[in-house]
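Start from chain A and add chains B and C according to the hints.
Read off the chains here:
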Amino acid sequence: METTTDTAMPALSAPPRRRLLSGPEGREAISGLAFVSPWIVGFLTFSAIPMAASLVLSLTDFDPRRADAVRFVGLANYLRMFNDPALIKSSLVTLRFALIVVPLTLAFALGVALLVNHRLLAGRNIFRTLFYMPLQIPIVASTVVWIGVLNVSTGWLNLGLEAIGLPSVDWLNNPFWVHPALALMGLWGIGNMMLIFLAGLQSVPTELYDAARVDGAGRWASFRHITLPMISPVLFYNLIIVLIATFQYFTQAYVITNGRGDPGGETLFFNLNLFREAFQFYNMGYASALAWLLFVVVLGLTLVLFRTAGRWVYEGGDR
Amino acid sequence: MTAAARPAVRPLPAGSPLRRPMRRFLAISGITLFATMLVSVFLMPLAYMAATAFKSETQTSTPGAPLWPAKPETFTYRGEEYPVFRVPTEDGLQSWALVEPHREDAVFIDPDDPGAGPITWVGRWRTLEQSWSFSLDWSSFTRAWEILNFPRMFFNTFAIAGLSTVGAVLSAVCVAYGFSRFRFPGRNGLFLLMLATIILPFQVTLIPTYAVYFALGWVGTWLPLIIPHFFANAYNVFLLRQYFLTIPRDLDEAAMIDGAGPFRILRSVIIPQAMPAIVAVTLFHFFWAWNEYFLPLVYLQGNPDLQPLSVGLGRFNSLYSGEPTVIQAAALMAMALPVVVFFLAQRAFMRGVVFGGVEK
Amino acid sequence: MRRSGLPPRRWGAMAVATVLLAACAGTQPTGEPSASTAASGGAGASEPPAEAVEIEWYVGLGTGTNPEQIPIQEEQVEIFNQEHPDIHLTLTVVDSEVAEQDLATRLPTNPPDIIGPIGIRGLQGYGDSLLDLTDYIEAAGVDRSSIEDALWDVYQLDGKQIGIPMAVYPSFIYYNKALFDEAGLPYPPHEVGEQYEGEDWTWETVRDLAMRLTVDTNGNDATSPDFDPSAIEVWGLDAQFTNNDPRAWSTIFGGSGSVLADDGVTAQWPDNWREGLQFFYDGMWVDHFIPTKPEIDAIEPNGNTFQTGRIAMDVIHQWYTCCIYPAEGQPPVSDWDIAVLPEGPDGTITSKLHADTVGILASTENPEAAFEVLDWIRTNPALLEAWGALPAVTDQRDAFFAALDERFAPLEIDWNVSIQMLGYPDVPSHEAFMPNFSEANAANGEFGSRLWTTDGLELQAEIDAHVERLQGIFDEAG
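For the record, the sequence lines run as chains A, B and C.
Each step along the first sequence adds one to the number in the numbering used here, with nothing skipped, and position 233 is 233.
Each step along the second sequence adds one to the number in the numbering used here, with nothing skipped, and position 33 is 33.
Each step along the third sequence adds one to the number in the numbering used here, with nothing skipped, and position 126 is 126.
So here's chain A without its partners, still in its complex pose (with noise of 0.2 Å):
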C-alpha cells in the first residue's frame, strides 16, 4: 500500500524518511499529525467499524431481517459475480452514462462558471445565485418536477421541442432517451462543480492576463496558457469527485423508476443494482461483496488519476 501510493501520487513528493519525529522534520511531522489528527479520530471512531463490517459481511449470507442466522459462506458471494447478469448490464449502462456524463458535466460546469465570473456580465451575483438554485431544492419536489417536465405530452421540454419544430421524445420511457434524460437531470445540479470552479478561479492572479495581453495572446490562448493551468488542482478535484458520483450514481434513477432500472434496464445502474441485493431481495452480503467490487474499481481509477496528475495539475504550495 505504502510503495504504491508513493509512486501513485508524485504530486505529493515522497517525504524523505530519516530519523522518525526528531529534529525539524520531527517536528514538522508531529504538527503535520497534529492537523491530521481529527479526521484520524473521526475515522476510528465513525468510519473504521463501519467498513471493516461491510468487509467481513461479504464474506456472509447476511439478511438483515434475519441477523441471528448469518452464516460464513467464504468467497462464494465474490465467487457469484462470475455468472450474475445483472452485474454485467448494470456495469455496462454505468460506464456508458459515466462516459456521457463526466465529460459533459465538467465542461458546462466550467462554462458557466466562466460566465458567471465574467467582468463585463451585469448582475454577476444574481446569475451565481440561479444557477445555484436548483441545488436548493429538496431531491423529493426536484424529482417530481422533472417527471412532469420530461413527460412525454405535457412536459414543457417536448412543447418547447414542438415548439421549434422537432418531433417529441418520450424522455423516461424509451431506453435510447432516458440516458440523455438523466444527464439533464445532472446539468441542472452542477451548482456545487460551478461554485468550486468559482473559487478556482479567483486564485488567478490578474496580472498574468495582464502580462498575457502585452505579449499578443489571444483569448483562447490565455485561457489554455494561464486559466486552465492555474484551476487545474480544482479541476482534478471536480474530475476526481463527478467521477465517484458517477459510479455510486443512484437517486435520480431510483426515484425515477421506482428502483426497477426501467425502461428496458437502462436504468439499471451498478448501485441501483447493489441496493436492490441489499434492501430488496436482502443479500446484503452479496451487495457488500459488489460494493468492494465497486470500491477496487473507483480507486484503481483514482489511482490512476493521481498518478498522471503531476502531468498537468498545478501545485504552486507544494513540496
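Everything hinted at is true.
Computed, partial: chain C to chain A, Cβ under 7 Å:
hint : residue
1    : A104
2    : L107
3    : S129
4    : P294
5    : D297
6    : A298
7    : E439
Please keep in mind that the hints were generated in silico from the structure rather than gathered at the bench.
Cβ coordinates follow ideal geometry from the N, Cα and C atoms, glycine included.
Below, chains B and C without anything else, positioned relative to chain A:
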C-alpha cells in the same frame, strides 16, 4: 467566454462612430443577454415548479388547461358553478356557461341573460375553447403550512445544517492544512484512506453505521447528523487541500521568518488566501446538509419534533395520495431562506480581491 | 479447504458478532434510558410512568402515512397511553418510499415491536421475523369465529399464525357518474347477475362500454374511425395503483391463477391469465380505453387517475375510500358510485382481494404488551376508518359503512356492492408466495413495466419468455 482576459482594447477600424463606452456597453449587453437566455432555459423546470405550486389540483388534471396558473371562468346559475366556454353561434362567438354536457349537443346558459333559460347548442362541447383567467391558487401553500410545522422544521433544518457546517469547515481547514503543508510518515497512505471512505457505497455501511450510533445512544437525536462532521470529511478536505496547494510557499516562509508558528501561518496566511475555497466548502456543505433526506429520516424517525423540512416534505408524497402541487409549494417555501443565504455568501467570489496583491 | 474446528456457520456468526455486535454490546434498551427514550418519543408526548413498558409501533409498510391519517393515529395512541398506564406506546411513521430500507437498517440492532398495517405481499417479506401469535390469541380469548376462516388462513406461515386478520379490501368498479351522463349511457350493474343493456356483464361488455366512454379532444369516442388516440381526454377504464404488477392485471381481467404450478416448482402463466393480460394490453395499446404509463404520468404522476375526473370506470379496492372525495380543495369527481365486477374469461367473477394486518416482530422484549397493543389496533374503529379498512371482524362492518356514509354524504354509495364482491376473492392471491420471492417479484415488475410502456409487443411470446425467466429464478431457490 474568457473575454475577461481581454477587455475591449482592440482599436476599432478607423472612422468607427462607436466610442469606447459605447463598445463596452454593447459587450456588457451581449454577454448579459446571452447569460439571461441560458439561465432562462436552465431554470425552466423551476418555472414549471412554481407554476405547479400555484395551480389548483383541478387545473393540473384538466385537459387543455393553460401552462400558467389559471382558474376557469365560471358562472353561478341556481347555486351551482358552471365553466364558461367560447361557443360559436350564428350571432358570432358567445361566452356561455356549460350546464349539461352531452356528446353531440350541450345545454348552456348565457351569463348575460340567464333569464332566457337553458340554450341547447348542437355540436361537440369538447372541441370548444374554455375560458381561463390568470389566477394564483395559494391553497397549496396554506395546506403545506397547516400540515407541517414550518417554523419548527425551519429551525431544525437550520440548526442541523448550521452546526454541522461549522464543524465541517473548521475541521476540514485544519486537516487540509496538515495534509498540504507538512511532511509526515504515512501522509499519502492516510490521504488515500480518507478518499477511500467516500468511494465505498454508503448503502453497505448503513446498517453497521446505524449500529455504531445506536451503541452510542445517539439514535433519535441530532448527534449522528452533526458530530461526525466535526471530524472532517473527505470531500471538504480534498477540496481545501487542492486549493492550499496553489498558495505559494513563499508566503508561509516569509511568515515563518517573522517567527510565526504553524497555527499563526494557518490563520494569517492560508485562511485569508483560501477564503473563496472556504466559502465554497461552507456553502457546499450547508446546502448538502439542508437537503439531506435519508439520514435524518433514519435517525429522527418517531420524533417529528426534531425532523428537518426535507423529511417533512415526504408526507406529501405518500403512497396513495401524492399531492404534487403541495410538494412544490412546500419546496418553494423551504427554498426562500437558502436562496438568500447563498446570495449573500457568494459575494466572497469577487474577482481579484483576494489575490490582487500577490505577484507570482 | 476448511480445516478449522469450528463449523463455517460459526465462523461467520463470530466474525459478524465481533464487528457488528461488539459495537453495541451492553446497549440493549433495557435499563438504558438513554437509548430507549432517545429512540422513541413520537406521539406520546407525556412522560411515561417509570414502570411503563415501551412498545414502538412502526407505520409505513402499507397505508397510514397520508397527511390526514397521521394525526388520527397520533390521537389514538395518546388515548391508548392514557388508558394503559403500564404500557407506553410510541408511534413511528416513515415515508412508504423508504420504509423497507429504513426498517432493514434498524432490524439488526433496534427493531420496533409492532409493524403494520401491512399487506399480504409485505408479510411474505417479513414472515420469518414475526412472532407466532397462536398462544397469545388463545390466552387473550380472541373469538376466532368472529372472523371468516379463510382470512385466518392468509396469515398462516409454516404453521405459525403471524397475524390476526384486521382488514379486508375487496375490489370493485368505482365509476364517475358525470361521464356516463355525458355519454348518455346507463350506470353499470350494482348486483351480481344483473345485465347491462341486455348483455351479460362480462369483460367483453365492459370493453364495448369503455370504448364508448373513451373520448378524444374532438369529441369522438374510441369506436369512431376518426378517434385520435394521441389526444384522449377521457378513458373508459383503468385499474389504478396496480403499478406494474402483471399478476394483478392478470387476476383482474382473467380471474384467479398462479405463476407457480401445483408441483410447487414449475413456472407458468395459466390460460385465463394469458387471456386477461391480453385484454389489458390491447385495452391500452390497441383499443385505447385504458391509459398507458406515459398517459398516466401526464394526468397524475402519482397514479391517482380516478380523482382527475378523466376515468369513467376504475377497478380499485375498498381502501380507496381513504383517498377519494371528500378531499381538500375542489374535487373534479363530485358524484361517483361503485359497481360489481364482471364475469371473467374463466366464467366466474373475481374480486382481487387485499388484506391488512399488524404483526409483532419476534425480537420484541415485551410480547404480552405488544399483543395487547395489536389487539387494540385491529379493533379500533377510528383507525380502521382512517385507513378505509373494512373490518375483518364481521359484526363491526355495519358501523364501518355507517361511518363512511357520514363522510361521503350527501352521496349515497351502494356498499352492498362491496359486501357482494367479498364473496369472490382471488384464490390463490395475486400476491401469493413465489419461490425466491423478492427476485421473482422484481422480475414480474420489470415485465409489467415493459407491457405498460411499450406498444406493439407480441404479448403471448413475451409471456413465454417471462415464464422462462421466472423458471430460472424459481430454480435458484433450490
